[in-house]
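Asks: These are the residues of each chain, in order.
2 protein chains.
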Amino acid sequence: MAQKPSIPKGTRDFGPAEMARRNYIFDTIRSVYALYGFRQIETPAMENLSTLMGKYGEEGDKLLFKILNSGDFLRGIDANELSGEGSPKLAAQLCEKGLRYDLTVPFARYVVQHREELTLPFRRFQIQPVWRADRPQKGRYREFYQCDADVVGSDSLLNEVELMQIVDEVFRRFGIRVCIKINNRKILTGIAEIIGQADKIVDITVAIDKLDKIGLDNVNAELAEAGIPADAIEKLQPIIQLSGSNADKLATMRAVLKDSEIGLKGIDEVEFVLNQFAAVTAPSLQGRAGGGSSLEFDLTLARGLNYYTGCIFEVKALDVEIGSITGGGRYDNLTGIFGMPGLSGVGISFGADRIYDVLNQLDLYPKEVSTATQLLFVNFGEAEAAYALPAVAACRQAGIRTEIYPDAAKMKKQMQYANAREIPFVALAGESEMAEGKFTLKNMTTGEQQLISASEIARIIQS
Amino acid sequence: MAQKPSIPKGTRDFGPAEMARRNYIFDTIRSVYALYGFRQIETPAMENLSTLMGKYGEEGDKLLFKILNSGDFLRGIDANELSGEGSPKLAAQLCEKGLRYDLTVPFARYVVQHREELTLPFRRFQIQPVWRADRPQKGRYREFYQCDADVVGSDSLLNEVELMQIVDEVFRRFGIRVCIKINNRKILTGIAEIIGQADKIVDITVAIDKLDKIGLDNVNAELAEAGIPADAIEKLQPIIQLSGSNADKLATMRAVLKDSEIGLKGIDEVEFVLNQFAAVTAPSLQGRAGGGSSLEFDLTLARGLNYYTGCIFEVKALDVEIGSITGGGRYDNLTGIFGMPGLSGVGISFGADRIYDVLNQLDLYPKEVSTATQLLFVNFGEAEAAYALPAVAACRQAGIRTEIYPDAAKMKKQMQYANAREIPFVALAGESEMAEGKFTLKNMTTGEQQLISASEIARIIQS
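Protein chains in written order, with our numbering: chain F, 61 to 523; chain R, 61 to 523.
These are computed hints drawn from the structure, not numbers from a lab.
It cannot be assumed that every hint is accurate.
All copies of an identical chain are treated as equivalent in the list; a pair is satisfied when it fits inside any one copy or across any two copies.
[As the list claims (entries may be wrong)] Here are the simulated BS3-like cross-link-like pairs (lysine-lysine), alpha carbons at most 25 Å apart as the crow flies:
no.: 1; residue 1: K64; residue 2: K149
no.: 2; residue 1: K502; residue 2: K473
no.: 3; residue 1: K295; residue 2: K470
no.: 4; residue 1: K115; residue 2: K64
no.: 5; residue 1: K198; residue 2: K122
no.: 6; residue 1: K295; residue 2: K376
Pulled out of the complex, with its shape left as it was, chain F reads as follows:
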């Protein structure tokens, strides 16, 4: 036998059991998005490289999967280019197209391209795979799904509130208890402003984040090491030791940032979102199943992407050790890169792969998730199969997922098939059943058997 075929590293096959679970995740997110008035779009897997290049930094450009031009792909390329290493510049000559790297840039491209057809504010969601030539490792894939929702064309903070409600509702439906962390880029800018260290904001948030682990002295030492002067570190003390309720923290920050207009703006924004979210979720919590999310102001939340300009958020599962399972924020000029400035947007992205892992670890998949076969008719031969086929059709018409074993194989083999497939009911009709116009229905869990007419089968399985 030849060598077993395989798939590219970092990619995955999804078998039937995994697919049922993944569909449950996507369907849940999709229906909540729709409930909030978001509408689905899809964009092509391939975008022009000119759309993608330069949007994810130099490193991102390297991680784009590029598609070799069809036909004579060497035409018009200078021979000198073809020596030495395969450079990014040469790649861009050999390839006009690339696979999408995320859903945000294609969405920005979509908005600009279709702007005449769109009614603003435009609320869209999109659930599609993306591809990145990252080094594959545990939990990091070269093909994975993103589940994004964005509103563009509205500055209102109500959008932020609604996105938090969506997060709350989705994880409530999953039964996953989460904490939503919220911060605001304007607050971070304000901090940098008051200590006069605009370029050190990442060092600062990273150091503050370590407070619990390494203690105050070590945090201050790290800040000094990062080149932050002593007087600035002094000013940072109330920020580093920020604690208490959301209201406490906001009050402290308001005092610290009193001289920074943009910083105070950030405080106002976070306060609005926290208050509105509390007002809206409090009554609806009554009498509802599931977790209920807490929303927490977290100054150490920075998020890597440079395009965020306002509120930013991230979601952590409370009962599983895993990174952020959802994130997002406001950006003020995403479509500017395609020549359409001044369009503000805010969005979130659910991390389907990590949510899959959390649901698995907590064993939270509902039983009904499976779309597997419910009933198998055993096949004893041509005459018996012909006798069974109308009953098979009737069961399907009643909505029961039904199979008839296609071959008249040995009984043992057919029962093994039912067991391996975890089919809960098996129907049999041999000579004696046929003589009576009936079927033997076997419950594979209890072993119980009963002799019944075809019309009773569906009713029994459904009950």
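Following the hints, put chain R in place on chain F, whose structure we already have.
Replies: Relative to chain F, chain R alone:
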């Protein structure tokens, strides 16, 4: 403003209205597949080129989208290769991976790779996009979805019968009247055998297919032109003029093919499928809505793909002029290309793009297909919005797709938004409604307005 961004030729963006319709198509096919015990899998967009190359003929190899290797893609490539035209051989050195071209080869790869985990017979379905570097033209795209179902590991013709039932059920649900054409490769082989012209079978079926248009004499002239000797053409006469019911045609063919063992086997197979399908669909047709498909033995059906070995089928819409909207057949050795011989399979593939066109032309989409917003709350300002938010949440909890306009924009602008989005209900609460603890609910279709409490809104919209 910069030049509008665009997408690669032959690819498409799908907006919200198209997505709702496409999801309706995919969901319908998916639920019928599941009803018949087929289970969903997904495979990666990228396969190793070694998996794809040589499976679709020389032309197919050229139509594969190939992905440039990451990093130094020129490493190890002989400089001499880099002059002249970009050859397929060089492409295979620059690229290890390609985008899948169909779902059949990845499925065969999946079966071989996962054979230890699979219980045979394995019934899988798969709904994913495929990519082909074809010249784009009307109705032909470089990215399009396929919706395949296959059974592997069973020789039984019951599988063919069930696939015909699936076709019947899917188009019944769509409300599209169709004719399913069936033929068998063994019959075509038998015909070639009895006239001693094994290599002329395509010319023969093409010529026969023109009978209605050009008449018998011209068909015979074409056959002679194709190099078929007079005595063979003589033997073909009953085949060319084949007519009558399925039973008539089978009887004629049985006589013609009496000396061809394989030909008679093909007749038997078609007869079995026709009879069983008639037996199974006849009773279930009673009292059911929708079209009801006819199954017709059509000797001119050949289908291009070389891997078919038994029954082949194609579906035509009766009320729209369009090519085949579904097709499939039996293949006996698909996994042999990956070193796993002897596994027979049979499958079908629904053409989602053409079905989309047919449903559009016949205006057959059900009203409920839309997942658009049902209710918009107008936003008069911060206090009014805060008053509305609990009602918004309650409506969503009742399952109504609800939005609140995020900005306190002019009333006119908000109503224009509701109109453009075709939102059927708008709720308003200004000073007077708030004083009474109520909302004005406006039916955008009738113009009717009523003053009601928040708890009544959901009930009225749902009724």
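Asks: Each hint should be assessed against the structure and marked as holding or not.
Replies: These are the hints, each one checked on the structure:
1. K64 to K149: Classified as between; 23 Å across copies, 36 Å inside a copy.
2. K502 to K473: Answer is within: at 16 Å inside a copy they meet the 25 Å cutoff, but 63 Å across does not.
3. K295 to K470: neither (81 Å within a copy, 45 Å between copies)
4. K115 to K64: So K115 and K64 pass the 25 Å test across copies only (16 Å; inside, 39 Å).
5. K198 to K122: Within one copy only: 21 Å inside a chain, 35 Å across chains, cut-off 25 Å.
6. K295 to K376: neither (30 Å within a copy, 76 Å between copies)
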